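So the numbering used here is basically just the index in the sequence shown, starting at one, shifted up by 22.
All the given hints hold, so there is nothing to weed out.
Here are the computed distance ranges between Cβ atoms for each label pair:
1. Val241 with His218: 27 to 33 Å
2. Met239 with Ala51: 43 to 49 Å
3. Ala171 with Asp73: 47 to 53 Å
4. Asp53 with Asp31: 23 to 29 Å
5. Gln265 with Ala171: 34 to 40 Å
6. His100 with Gly269: 17 to 23 Å
7. His89 with Pro209: 16 to 22 Å
None of these hints come from the bench; they were simulated from the model.
Since this is a predicted model, take the numbers as computed values, not measurements.
Every residue gets a Cβ at the ideal spot worked out from N, C-alpha and C, and that includes glycine.
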Amino acid sequence: MSLTIRPLDSGFGAEISGLRIAGDVPQAAFDAFLDAFHQHHVLLVRDVPNDPAAQVAFSRRMGPLEHHAAASAVHPRHPEIFCVGNYAADGITANFARGVEQWHADSSFREVPSAASLFYGAICPPEGGETWFLDAVAAYETLPEAMKARIAGLRGVHCLYTLSEWNRRHTPGRAPMDEAKRRAFPPVAHPLVRTHPVSGVRSLFLCPAVISHIEGMGVEESAALIEALMDHATQERFVYRHQWRAGDLVIWDNRCTLHTASLFDHEKYQRLMFRTTVAGAA
23 MSLTIRPLDS GFGAEISGLR IAGDVPQAAF DAFLDAFHQH HVLLVRDVPN
73 DPAAQVAFSR RMGPLEHHAA ASAVHPRHPE IFCVGNYAAD GITANFARGV
123 EQWHADSSFR EVPSAASLFY GAICPPEGGE TWFLDAVAAY ETLPEAMKAR
173 IAGLRGVHCL YTLSEWNRRH TPGRAPMDEA KRRAFPPVAH PLVRTHPVSG
223 VRSLFLCPAV ISHIEGMGVE ESAALIEALM DHATQERFVY RHQWRAGDLV
273 IWDNRCTLHT ASLFDHEKYQ RLMFRTTVAG AA
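The task is simple: from the sequences and hints, build the whole structure.
Okay, here's the thing in structure tokens:
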């Protein structure tokens, strides 16, 4: 299996050709894929057959898989797959948010945040529904030295309940989080600046809708600092906007990227995406 890697126009991320997802992928090819993943942080694979079982098996080679907190939206035959979109058929009720989404890294509210996400486009609208990726490494590296010094050692408190309430404000009609889930996912603090466990690069770890506050700061002061950091990090030079087509598989490193989604006309189009999430290492 010969892999071809072409950097994306955004300045980070790459399209990888020749990678087979299903079947017995040779170890040498999988190692080359991992090297590209750690170098480029976001990888695009085109024209992948719709095979949920193969996606689960390939994802598991990257590490143990998480089971999503929203159990009602998982695939009926593959609980490792979280279904996203407005699709409701074939035993699938995908998780659909009509409101805007904030920049985030998946599972930041866990004690050990996730390592990677693999997102597959099963049904993609012809317009809208993009996924935007942010190069959190370059965003950190280009911060003024005074700001780097200011945020060194600071930790944001990530909270699933905070995210739930943010979603309720922006998507009317969503049910409040139940007490059992609040107990299962208590608030947890993570550094604003992460160090990647494999490459050693440092990056901004900012999830505005998930962070309730920064340790040692009030809510308003915390929000002001996060807003200032996000104003810097969301400059166009740090962002790649992916317009989906059916059969796309995008794999990203949650330890050094952030992502968000654009809206689409959910009354006109259907969207169904399959996400597997690789758990982080303690």
